[in-house]
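Visitor: Sequence:
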Amino acid sequence: MDDSGNESPKRSASHTKGTGKISHEAVADVSTEAEQSAGITLGDLTDLLVLESVNQFGPQKFKELHAAKITPHHVLLNPDLLPIKGKRGDTFRAEIRALTDEVREECRRRAANQIIAAAKYKAKILTYDHSYYPRNVYESNNPIPVLYVRGSLVILRERNVVGCVGSRKIRPPYYSQHAEFARTAVDSGFVVVSGFALGADTVGHEAAFKHDGQTICVMPGGLERPFPPENKHLWEDLLASDKAAFVTEFGFGVRAAALTLKKRNKLIVAFAKGVLVGQSAASGGAMNAYRFSREQHKPVATFAEDGSDDTSGNKLIAEEKKPGDEIFPSGISDLTAYKRWLHQLSSSI
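Convert by adding 34 to the 1-based position in the sequence shown; the result is the number in the numbering used here.
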C-alpha cells in the first residue's frame, strides 16, 4: 500500500526493466536532519519498500534475509544473494530482476514522504537493526520489517508484555475485571498492549496508564491522527506522557480498513507473551487476536462466559483451552489467579 492507503504500483510488460540502482539524490526534499529525526535514511527505507513490493515477500522473508546478514540494498543489486532456496527463491529472484524503474521511483517517493512525515510528527521509523526494535516482535512469526512509532521508545524494549483485548461493547462485570487485570499486570511488571479501539482496548490502556503503568497502542493506520477519533483525548494524554508508545506497520496517510484492523490484531499478539480476551462474541473482531495467538503459540486467558451471545467467544476459548491457557471466574476479580498466570508468562521469557 502507498502512503495514501492505495495498492502498491503494479508492474506490467509495458514498463521498462529496472536498472537495479535507485537515484536517491533526485529527492531533494529529504534533508539529513529529517533522516536523523526519523532514524532511517532515504536509501534504506526505499530499498525496504522496493523489496516489500515483490509479491509474497513478507516479514518472514525479510527476517531470513536479516539472519543471513544480507541487506535489501545488496539483494536489489544482486538477486543471486537471496538466501531463499528452491522454486520460491527462484521466483523471488526473477521478480526482483524484473522490478521496473517506475516501481523503484514510486517507492523512493513513498519513502521520502514517510521520512518527512515522521520528522514532522516526531516519530521514528524502526527496522530490525534499530536498538529499539521490539525483540518480542522480531522473535514472533510476524516480524514486521518497518515499524512507525510515536511516544516512548524505551517501552518497546520491555519483554514482559501482555495483550488486553475484547469487545467494543464490553459490559459489567467484564468491564471492571478487564480493568483490574490490567492494573494487576502493571503491578506485576508488565506492559499492557492493545489496539486503541473503543471498549475493552480503551479500558486496558486507561487502567494501565492511570495506575502509573506503561502501555503500547497498536494502530490500524498512520500515526498522524487518532483512530478512532473518539479517543482523541486519550491519544493526547498518552503522547504527552512517557508511559505510552503508539506503533503501526502502516505508513503516514494510511487509513484504517478491514484488512489493517486485522493486521493490527496480529501485531498486538506479536508484541505479547500472552493475550487476555476480556469479553467477545464468537464472531467479534477480538477473536482475530485469539486466532493469531493460537497461530503464534501464545497462551490465552479469558473470563468465564455467562451464557449470552456476547460472551460466546469466551465460551469458545474455554472449550478449546490448551496447556498454559487460563479461564478466570466472572463476577469477581481473582487477583491471585491473575498474578499466577502473569508469572507463568514472565517465566517463559
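It should be emphasised that the hints constitute simulated quantities derived from the structure, not laboratory data.
Just so you know, even glycine gets a beta-carbon here, dropped at the ideal spot from N, CA and C.
Do not take every clue at face value.
In silico BS3-like cross-links for lysine-lysine, where the CA-CA straight-line distance does not exceed 25 Å [claimed, not checked]:
no., residue 1, residue 2
1, 373, 296
2, 244, 356
3, 266, 156
4, 266, 297
Taking CB as the label site, the calculated pair distances span [said to hold, decoys possible]:
no., residue 1, residue 2, range
5, 291, 270, 36 to 44 Å
6, 172, 207, 49 to 57 Å
7, 259, 123, 54 to 62 Å
8, 124, 380, 22 to 30 Å
9, 342, 276, 16 to 24 Å
10, 373, 125, 31 to 39 Å
11, 214, 259, 15 to 23 Å
Visitor: Take a look at whether the Cβ-Cβ distance between residue 342 and residue 276 falls inside 16 to 24 Å.
Guide: Violated: the Cβ-Cβ distance is about 40 Å, outside 16 to 24 Å.
Visitor: Using the beta carbons of residue 124 and residue 380, state whether their distance is inside 22 to 30 Å or not.
Guide: violated, 44 Å
Visitor: Regarding residue 259 and residue 123, is the given constraint of 54 to 62 Å on their beta-carbon distance met?
Guide: violated, 40 Å
Visitor: Using the Cβ atoms, figure out if residue 214 sits within 15 to 23 Å of residue 259.
Guide: Since residue 214 and residue 259 have Cβ atoms about 31 Å apart, the given range 15 to 23 Å is violated.
Visitor: Checking one constraint from the list: CA of residue 266 to CA of residue 156, max 25 Å. Satisfied?
Guide: holds, 18 Å
Visitor: Could you say whether the range 36 to 44 Å given as a hint is met by the Cβ separation of residue 291 and residue 270?
Guide: violated, 24 Å
Visitor: Quick check on a hinted range of 49 to 57 Å for residue 172 and residue 207, using CB atoms only.
Guide: Because 37 Å falls outside the window, the suggested range is violated.
Visitor: Taken at face value, is the distance from the CA of residue 296 to the CA of residue 373 at most 25 Å?
Guide: violated, 29 Å
Visitor: Hey, residue 244 versus residue 356, does the alpha-carbon distance stay inside 25 Å?
Guide: Cα-Cα ~33 Å, so violated.
Visitor: Need the status of pair residue 266, residue 297: alpha-carbon distance at most 25 Å?
Guide: The hint holds at about 22 Å.
Visitor: Can you tell me whether the CB distance of residue 373 to residue 125 sits inside 31 to 39 Å?
Guide: violated, 50 Å
The structure fails to meet hints 1, 2, 5, 6, 7, 8, 9, 10 and 11 from the earlier list, while all remaining hints are met.
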